[in-house]
Every structure is written in C-alpha cells, then in structure tokens.
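**Q** Spelled out, the chains give:
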Amino acid sequence: MKALAWHGKHDVRVESVPDPEIVNPRDAIIEISSTAICGSDLHLYDGVIPGMRAGDILGHEFMGRVVETGPGSTLKKGQRVVVPFTISCGQCFHCSVTQYSACENSNPVEKQDLSATVYGHPMAGLFGYSHLTGGYAGGQAEYARVPFSDVGPIVVPDHLDDDSVLFLSDILPTGWMAAENAQIGPDDTVAVWGCGPVGLFAVQSALVMGAARVIAIDHHPHRLELARSLGAEIVNFRESHVREALMEMSGGLGVDAVIDAVGMEAHGFAIDNMLDIAKQKVGMGADRASALKQAILAVRPGGRVSIPGVYGGMTDKFPLGALMEKGIQIRTGQTHVQRYSEKLLSMIEDGSLDTTFLISHRLPLEQGAEGYRNFHDCQNEWTKVVLKPGGPLPVRPGSTSAKERAA
Amino acid sequence: MSIRQRAARPVGYTGLIVGVAAAGAVTMLYRRRERDRAGDDAPGYTARRGFETYDVVGRTVTIRQPREKLFAFWRDFQNLPRVMENLVAVRPAQAAGRWIWTIKAPAGRTVDIETEIAREEEGELIAWRSVEGSAIDTEGRVRFVDAPGDRGTRVSLTVAYKPPAGEIGRGIAKLFRREPAVQARHDLKRFKMLMETGEIATSARRKADRAGGELPAGDRNPKTEPQS
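Line by line, the protein sequences give chains A and B. With positions in the first sequence counted from 1, the corresponding number in the numbering used here is that position plus 982. With positions in the second sequence counted from 1, the corresponding number in the numbering used here is that position plus 207.
With the rest of the complex left out, here is chain A (with noise of 0.2 angstroms):
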C-alpha cells in the first residue's frame, strides 16, 4: 500500500509498505478514506518531538471502512467508522474513569520507559505519533491497523459524508474538551490563542457552551476571519498589544478563562521566547510557551487556563507567581476522545457544530509531502488538509493508482 513516511525535518514521502494484517485479537483493519494533517504533526514535521524514526507512518486523524477483523473485534466488515487518534483499552482503571488519552495498556511495555522516566508515567498510545506513544503506524495511508477495535472506532452513519465527521478523530473533540476544561458559564469572556483547527473548534465550543464573548488571538487574517464568522471577537497579536486589549475589552476584570490552542512551537518577540527558539534549535528540549505565559498574565485572579496545545519538555521562565497569587487553575491533557465521540456526533447531526468551515485543501494521498509544506508554509490561507487515499490524481505523467491492494 501507499503511506506517508517520516523522514527527518520537514522530509515526509509518500512511499511503498507492506499492508498491515490483524495482530492481536481485538485488532481491525481499516481501509481509509478521508485522513487529515493535524497541527500536532507539523510539530513532528519540524522535528521537536522526540522518538521518531526514519520511515515512521504518520497521520492520527483518520476514516474509513472496516475491511478486516480479528476475532475479539466488535465491528463488522463495511461498517464505516472514524478511529480517535488515542488508543484505548477501554478496561484499565484509567480507561474506566473515562480518562481514555492515559490508558495504562495500549503502549507498549518495551516503548514505555522513556515517557515513564520523563513524565513520572508512561503516556498511552497514540497513531502515527513517535515511539514515545507506542510507535503505532498512522492513518495517512491506505490501510492502517487498528488495536481495541472494540473500543476505540466509532460507527457513522452513510447520510453524512466524510467531511463531516472526520474530524470526531482528535480536532473537534480536542477543541470541545479544551472549552470543557475551561468551565465555562453564561456571563464569561474567553480568549482562546491560536486560530489553527483546534483553536477554531474551541471557539466554536465555548459560544455553544455559553459563553457571553469569545476573543480570539492570532496573526494570519485568514484564519482570524475564520474565528469572527463564528461569532468570536479578533485580536491581531502584530497590529495590537494583547493583554491590553484583552483587559480592556473584559472591563478591567481580565478574561475569565483561556485556552492556549498553540502548543510548544508558539511565535513570540519576547526575549524569553528567542531564548526557547534557540534551546529548540539546538535540541536541548525547551518547549516554547509564550502564547501560555502571556494567558496565565491575562487571565483574571480565580480563572481558568485550559492547554490543548501540545508541549512535550520543559520550558523556562514560567510565571509561577502569576499563577499562584492570582489562584488560577490549569486543566490540559491529551484528549479523550472516546469520552465525546458519541455527544459530538449526534451534535454534528442536528447541525448545532460545523465541523467542514475550516477545511481549504482536499487533496490525493500521494500529493501528502505538498499538503504538509504547504500547511507549514503558507498557514494563512491552508488552514486545514484533508488527504484521500485512492482519491482521483491530478494528471501526472507517470503516476500509478493508489489502489493497488491485491485481494
């Protein structure tokens, strides 16, 4: 089959694998439709998490039909399905308290000791997302094999399209579990950094959850355009100052709760933020935490800071008094998405999310390693991809059919 390797820093190819086969009992197979490049794999494609190896698969934002099972499975061959980017066992005593994105088993013995030395804990698995989470094959392939088949997927039905429940994978739960942990209520103003998909589906989130305002932070035009159609209020972090107007716009009171949607890799002009760049650059594991420094400064004494952006080391010159003597409290983690797939879903049905604005570019798989410059490069105007395997290739000379799967 066809599959998006990683290769090294900003290397990704389209290249020639074996198919997967079931595994372990609990295992399916899943031929894939639709499969999207998340923001998080951009961090990959940089080069700042640590883990990778040559030829890894990548992608953990995936879909498609179920074409193989193995015995302890609970899905059926056909069944269309959406596959959370976590895996889940369903049955430790994290998986039983719904903290899915923890699960004690789907990680590897053999992958688990350098999280576990570095986090205390061993982190769960996840798809295509470094041996630090298992070293599972991703999703921007043909096929992919899925482990606890039984717990993790979830069925969809035929009458809404790929485009719609696509992204139940990671993005839209991700973006509803960052204005959850923000504890919202009706009289709140939200600032939420970042207007990347998960920044977006969090402000989307935080008006259906209630929220009296929502402002929104960011410097491509584009993608702050996107926020205003939802309902948010804008800042441009390179036209205006944004604590400031954040206080200014909250009355004096400061915002009540914010989300850091940005994650490890934020841009900055501070003088701690060069210093982060320069510790990244030279692998010494600094994450770069501006956007989270600036938000715990701007929210209000008592607030909430809610992280999905991903951090993955240790950053420096963390506000540490800030949070303290203005008793703020922090809630972050990878999402568990098998916690919402079933709410969301039928939210996306009775149309109170839209979960298709924020898609720009549909291409073929083999078009992936330009789907991720792009992405990279030119963030204002693609502001979501969307991959399709054996999707209908623009006229190449001398390119092959991505189906080729013998069977």
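Simulated from the structure, these hints should not be mistaken for laboratory data. There may be inaccurate statements among the hints.
[As the list claims (entries may be wrong)] So the derived list for chain B, only partly shown, Cβ under 10 angstroms to chain A, looks like this:
id: 1; residue: Val268
id: 2; residue: Thr269
id: 3; residue: Gln272
id: 4; residue: Arg289
id: 5; residue: Glu292
id: 6; residue: Ala354
id: 7; residue: Asp357
id: 8; residue: Gly359
id: 9; residue: His393
id: 10; residue: Gly405
id: 11; residue: Lys414
[As the list claims (entries may be wrong)] Dumping the calculated EDC-like pairs for lysine to aspartate or glutamate here, alpha-carbon to alpha-carbon at most 20 angstroms:
id: 12; chain 1: A; residue 1: Lys1059; chain 2: A; residue 2: Asp1144
id: 13; chain 1: B; residue 1: Lys311; chain 2: A; residue 2: Glu1092
id: 14; chain 1: A; residue 1: Lys1325; chain 2: A; residue 2: Asp1145
id: 15; chain 1: B; residue 1: Lys311; chain 2: B; residue 2: Glu321
id: 16; chain 1: A; residue 1: Lys1325; chain 2: A; residue 2: Asp1144
id: 17; chain 1: B; residue 1: Lys414; chain 2: A; residue 2: Asp1001
id: 18; chain 1: A; residue 1: Lys1308; chain 2: A; residue 2: Glu1230
id: 19; chain 1: B; residue 1: Lys414; chain 2: A; residue 2: Glu1050
id: 20; chain 1: B; residue 1: Lys369; chain 2: B; residue 2: Glu323
id: 21; chain 1: B; residue 1: Lys414; chain 2: A; residue 2: Glu1013
id: 22; chain 1: B; residue 1: Lys276; chain 2: B; residue 2: Asp357
id: 23; chain 1: A; residue 1: Lys1058; chain 2: A; residue 2: Glu1013
id: 24; chain 1: B; residue 1: Lys276; chain 2: B; residue 2: Asp353
id: 25; chain 1: A; residue 1: Lys991; chain 2: A; residue 2: Asp1028
id: 26; chain 1: B; residue 1: Lys414; chain 2: A; residue 2: Glu1003
id: 27; chain 1: A; residue 1: Lys1370; chain 2: A; residue 2: Glu1092
id: 28; chain 1: B; residue 1: Lys414; chain 2: A; residue 2: Glu1207
id: 29; chain 1: A; residue 1: Lys1308; chain 2: A; residue 2: Glu1207
Even for Gly, the Cβ is constructed at its ideal location relative to N, Cα and C.
Model the placement of chain B on the given structure of chain A, informed by the hints.
**A** Below, chain B without anything else, positioned relative to chain A:
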C-alpha cells in the same frame, strides 16, 4: 537502578542476611519489616541501603481483575513465559512440587534453574526459590492484595538473586542485572495487559514484525473474561 548501587546505611543488617541462601532473602526482608517497625512503611525493596550479596528488585501494579483469577494464572508457572521476557519455558521437575525454569542466557544460550515453592497462601501469596546447587541462587515472591473499591488487585513482585560464580554465572548475572527493575516492571505490565485486555500491546504492523515474536497474545475474547 539496582539497590546495591545505592548508598549504604550503617545498620546492623549482616545478622539478618546470614544464612540467607537457605532461608531466603525475600523471606528475610519480609521478616525484617515485621520486626523492624522503627523504619517507615515503605516496601523493603525501596530501601536506600543494599542487601549485601543479593540484588533485590520489587514492583507493584494494580490490575483491574479479581485476585483469584490473577493468583490462578501465576500459580501455574507454565503460564509465566507468556509475560516474562527472560523466561523461555517452565516444566515440572522429577521431584514433586519442583519446577525447571529455562532462562535466556547470553549468546543465545539458555540455563535451567530448578525451583521449589517456598510458601503458598491460597489467593494471596506465592514464593519460590532455587534449590541448592542451582546455576543461579534466586527467589521470588508475588503477593496479591485487594485494591480499594473496584480497582481490582495490587500485585507486588519481589525478586532476589545472588550473582553466581564462574564464567557462565557471570554472564547470567550480567543479563539479570542489565536493568532488573525495568525487567520486573516490563514483566508485570505484560501480565497486567494480558489479564485486563486479553492481549499484549504491540505496534507491529504485521505478525512477523512483532518484537521477540515469542510472546503470544491471549487467545480468549476479553469480552467473555470476568470484570472486576
């Protein structure tokens, strides 16, 4: 980290270790905890001081399954190679109640260790030790305790071994000591995976790619397994 690498504390510990080959380091450790109540409540194997000639490692995991089920799996020693990386096979020895454990040794070799059950409390504890004259002097103990509420069972594994003399002994010791705490953790986590989910997680895309290949997945449907 091996406990014997840690800083020694000047305590009168030698007397407790005397005759340990017969009585068993783990048993002695257990008794020490019973007697030495001046210490804290931490498990003995987390102590900062060493255990003389013995290496001792211990690990605990919580498994969301009934105690009796976990005990029964462990009590049939022939199940253990499914979860223990260094254990190739276990078979009954000629003498009743004794077992031959075949353990991986360097250079693709294996070594047989004859063991006997040192202590058994139904549903709660199994202790084993190598018999006199074994290639390696080792003993282990696994204890099963109900976890609070519906959290299942706390399983604590303690293994002690004395590095043997001779060339092959040194080789085995090296293998054993590679990362004994990591080894214990890995073995217990595989046990947990198999008991909770019916399979052992792997990121292999194909059967042939499975690391080691020799750790078989569970052949039962986990849906039919009892839940705690």
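**Q** Are any of the numbered hints broken by this structure? If so, which, sorted upward?
**A** 4, 27, 28, 29
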